[in-house]
Amino acid sequence: MQLFPCPFCGLRSEGEFHFAAEAGKTRPVTTRDVNAEEWAAYLFDQKNEKGATREVWTHLPCAEMFIMSRDSVTMEVLGTQTLRKLPA
Amino acid sequence: MSGTRLTSGGLIDRARRIDFTFDGRAMQGYAGDTLASALLANGTRIVGRSFKYHRPRGVWGGWFDEPNAIFSVKTPRGSLPNVLGTTTALTPGMEIKSVNAWPNARFDVKGALDLFNPWLKAGFYYKTFMKPDWHLFEPMIRKMAGLGALEPDLIEGYTSDQVHATCDLLVVGGGAAGLAAAEGAARQGKNVWLVEDHAALGGGLYRMGGTIEGLAPADWVTARKAAIENAGGRILTHTTAFGVFDHNLYGLAQQSALDVAPTLYRLRAKDCLLASGAIDRPVTFANNDLPGIMSLEAGIEYLGRYGVLFGKAIAIAANHSQTASAAARLRDAGAAVSLFDPANGDLSATGRRRVTSLRQGGRAEAVDCVLASAGWTPVLHLWRHAGGKLRWDDTLATFVPAQAPKGMAAIGAANGIFDLDQALAEARACATGEPYSPSPPRFNLTPTLPKPGAKGRQWIDFQHDVTLDDIALAERENYVSVEHLKRYTTLGMASDQGKISNIPGLAAMAALTGKTIPEVGTTTFRPPFVPLPLSLYHGPHSGQNFHPLKRLALEKLHRSSGAALGEYGGWLRPAWYGNQPGPDAAQSEARMVRAAGGILDASPLGKIEVMGPDAEAFVNFVYYNTMKTLKPGALRYGFLLTEKGVVFDDGVVFRMGPKRFVISSSSSHAEGVTGLLESWRQDGNDPDRVFVHDTTNHWSTVTVTGPKARNVTRSLGLDIDLSAEAFPHMTFRETSWNDVPLRIARVSFTGEVSFEVSIPASKVEALWTAITDAGEPFGVSPIGIEALSILRAEKGFIIIGKDTDGETMPHDLGFTLPRQKKSTAFVGDRGLHTEVANEPDRRQFVGLSVTGDAPLPTGAHLVEGADRRSFGIVTSSYISPNLNRPIALGLVERGAERMGETVTLFHLGKTYEATLTSPVAFDPDGARIHA
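Protein chains in written order, with my numbering: chain A, 1 to 88; chain B, 1 to 931.
A couple of the hints might just be wrong.
[To be verified] Some, not all, of what chain B presents toward chain A, calculated at C-beta under 8 Å:
| id | residue |
| --- | --- |
| 1 | G243 |
| 2 | F245 |
| 3 | R526 |
| 4 | K644 |
| 5 | D686 |
| 6 | T834 |
| 7 | A837 |
[Stated by the list, open to error] Keeping only pairs whose Cα atoms sit at most 25 Å apart, straight-line, the calculated PhoX-like set for lysine-lysine is:
| id | chain 1 | residue 1 | chain 2 | residue 2 |
| --- | --- | --- | --- | --- |
| 8 | B | K389 | B | K515 |
| 9 | B | K631 | B | K822 |
| 10 | B | K515 | B | K455 |
| 11 | A | K50 | A | K25 |
| 12 | B | K659 | A | K85 |
| 13 | B | K515 | A | K50 |
| 14 | B | K821 | B | K763 |
| 15 | B | K644 | B | K121 |
| 16 | B | K406 | B | K190 |
| 17 | B | K821 | B | K644 |
| 18 | B | K406 | B | K451 |
| 19 | A | K50 | B | K822 |
| 20 | B | K455 | B | K628 |
| 21 | A | K25 | B | K644 |
| 22 | B | K822 | A | K47 |
Treat the hints as calculated values from the structure; they're not laboratory data. Using N, Cα and C, we set each Cβ at its ideal position, and we do this for glycine too.
Can you make the complete structure from the sequences, with help from the hints?
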């Protein structure tokens with residue numbers, strides 16, 4: 001059971017979090033033509049990186065999503081980053 | 001009968017006698033005994049039969065390394081199977097039974113199996129029982145295999161306490177090294193926990209005898225314990241550290257008695273000192289499994305800890321420098337001891353039901369007990385759980401710690417230091433950080449490893465009956481990888497998980513393949529270190545505590561109205577009301593709604609607030625349907641899709657104002673929809689310009705539906721004109737009732753005029769009472785979910801997840817417009833135009849009509865051709881009380897263009913016939929809904 005740092009609630013047990021997505025994917029602008037390869041890449045291609053990864057996680061009790069960098073080999077949490085666009 | 005309890009010595013309390021039985025025979029032990037020590041004191045040689053050959057087996061080990069002494073135990077509280085006799089404390093009134101033996105361990109009918117051993121080698125079952133079919137033989141084989149049986153009074157279902165804690169330093173093992181280290185760290189002010197799986201601290205000190213730092217072992221242990229506790233340290237005995245998990249989490253299981261629920265500690269320790277000691281490694285020789293052959297460690301452990309001298313004429317077959325002191329202890333206790341050095345030639349034991357002699361070359365000694373040791377194996381399971389590396393040490397002939405995992409160090413015997421004074425010095429230095437210069441070890445041995453090709457049956461894994469020959473067979477058949485070897489021969493797969501058999505097994509494979517032992521490698525060490533009950537892990541988190549039912553604010557009133565409550569999508573809801581059988585009640589309720597009306601507790605309908613400056617754009621984006629054109633006061637039906645274009649939820653959207661919406665997701669889906677909305681809000685939009693808040697539990701909803709719905713609702717006396725002209729379908733009004741805010745919407749899931757009245761949950765009892773009282777004169781009374789399901793099916797209204805599946809897109813359900821026309825981006829838009837989405841053979845939503853009275857089975861397949869290719873399924877099926885015929889809904893390939901076609905259905909061997917129709921069976925023009 002890992003410990004993850006929620007930007008709002010601090011260190012909490014892994015069971016309170018859900019993985020959401022790999023970070024850094026941008027939704028194609030669908031009002032223009034999006035070819036099948038581009039759409040498939042958006043939907044299905046995952047980097048599944050060994051080592052340092054950037055992922056979006058949700059802390060379920062407070063519903064906040066955030067970016068967590070962690071090492072997928074050592075399970076070390078490298079840091080978190082908010083998804084908020086305005087300065088806090 | 002040999003086996004003697006000495007008059008003094010050991011940690012047992014001779015003043016507290018404990019009566020117990022073994023296979024029905026009355027025996028006595030003392031407080032402080034384990035099942036095994038008590039049986040040995042009573043002279044019991046055969047404690048069980050082996051798994052495969054039903055060979056007689058005796059106690060081999062002194063603690064968790066024991067492969068043979070497994071029992072079914074009945075205590076005054078109940079029974080437990082597969083109890084490890086060497087680690088379980090004896091308590092009064094225990095009835096101990098041997099397992100895998102019939103009628104008992106001394107006489108085992110199946111013992112004759114041993115005569116067939118030439119054919120029962122590794123892989124025997126795989127090779128023999130293949131033809132015609134393994135399943136033919138399986139019941140018989142299963143009956144013959146296995147250990148203890150489950151008794152009706154099985155102790156189970158208990159609730160283990162679960163404790164979460166943190167500490168600076170966890171010391172695993174309360175032997176000399178662990179105690180010294182814990183004392184050193186605690187004195188420095190660290191928050192120290194020390195765990196020891198025995199009831200008493202002291203580890204191997206009792207078997208060593210003599211003094212330690214000038215004190216008797218018990219006195220030295222008492223002094224260390226006091227020092228640790230005075231410095232604020234915490235000591236848990238009876239506690240096994242069974243696993244290391246991510247981020248320094250240590251699992252500790254504390255079990256004081258067999259029939260008492262163990263306690264689970266989830267301990268986060270910044271650092272860990274592993275002082276888990278070492279276990280004796282077996283010497284592999286002919287007939288080394290005979291009762292009376294034990295590990296040397298066990299032999300002197302039973303003497304030192306329990307005051308039991310198991311043999312009068314003992315042979316020690318050992319290869320190391322601690323043999324002499326062990327022999328001296330046994331001699332002092334009154335045994336005749338002969339010494340054998342395995343290096344002097346192949347050993348072989350003889351005897352039938354117990355060992356009677358040990359031979360080496362021309363030498364033979366008549367003995368009643370053989371104590372064997374090939375050296376110490378450090379207990380490094382936790383080290384490996386944490387990711388530590390191992391190194392093969394040729395001089396010690398075992399694996400020792402190499403590169404340490406983060407935050408862990410091994411000390412004492414676990415670190416391959418087998419001299420007491422050196423272990424103490426190292427432990428103290430390691431705990432305090434003081435410098436320490438190791439001195440050369442005095443302990444030494446002559447490596448003793450299994451010799452492939454040696455004569456006689458040489459047992460490697462006692463519990464699973466794996467011999468040296470089996471390993472040779474695996475090698476011949478190319479199962480040479482350790483993982484293949486393990487699975488082919490079942491080496492190390494028994495409940496002891498190969499604690500004593502792994503190294504001999506690996507060494508044998510190394511010798512057979514000409515590799516070194518490190519080249520052969522080890523299998524993976526996984527938690528738990530010892531078998532533990534699953535109840536320990538879940539603790540109180542089971543049943544309702546694990547997944548609580550959601551309860552309606554009106555539950556009390558429903559119960560008093562005679563509701564039959566059932567779980568629907570996680571909510572406990574009225575299925576129907578009254579004493580009729582369920583199906584009959586649902587039929588009459590559904591009939592009542594169309595004749596007069598019904599009242600439904602619709603509170604689980606989602607009520608998710610979406611507000612903020614970007615709310616309109618956001619709702620328009622997450623919905624398939626165009627929502628930005630929705631006017632305040634109006635509501636609109638729509639779909640939420642996944643990005644693949646698959647329907648995720650359906651529901652109505654209320655526009656409360658320019659910047660505020662309420663999303664009424666389908667019942668039971670409010671959390672899922674909130675999650676979807678949150679993920680789009682935060683990961684894709686500016687989370688500070690739109691807010692999502694689930695108020696489903698704050699508002700309760702009572703729906704009045706049917707031709708008399710308006711009359712019933714009118715009696716609430718709301719300041720709203722309820723007429724169809726003033727208050728049309730798909731609009732809502734906000735007002736108050738008795739000074740309580742109230743929301744009333746015209747939206748229908750039955751096809752009848754409906755008013756959905758929502759009110760803060762704390763006030764809903766008064767509303768429900770007022771509405772049901774008002775309904776009575778009109779013949780309108782409460783209905784359950786079963787009736788609602790029928791009514792909506794008559795109208796062809798879908799239930800997401802029932803009438804749709806993981807491939808259903810809105811155009812499969814007949815909702816094609818946004819797909820073709822919506823100009824702004826929305827979730828799933830591109831997914832609706834993929835090759836799959838454009839596939840002409842997509843399954844589309846249809847109705848099915850059958851002649852006759854029998855409804856189609858839900859789940860039946862529409863089939864074609866001789867091979868019954870499925871081209872659709874029945875998703876919902878009911879008898880319609882208002883049409884007086886069966887109705888059904890389904891998903892069918894090209895369904896929309898096949899209306900009127902007669903199809904064949906197949907379900908569980910039966911064939912049915914039906915005609916494809918529009919999904920709307922009742923009131924196809926929809927006149928009633930607008931009335």
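Violations among the numbered hints, reported as their numbers in ascending order: Going through the list in order, the structure violates hints 1, 3, 7, 13, 14, 15, 18, 19, 20 and 22 and respects the others.
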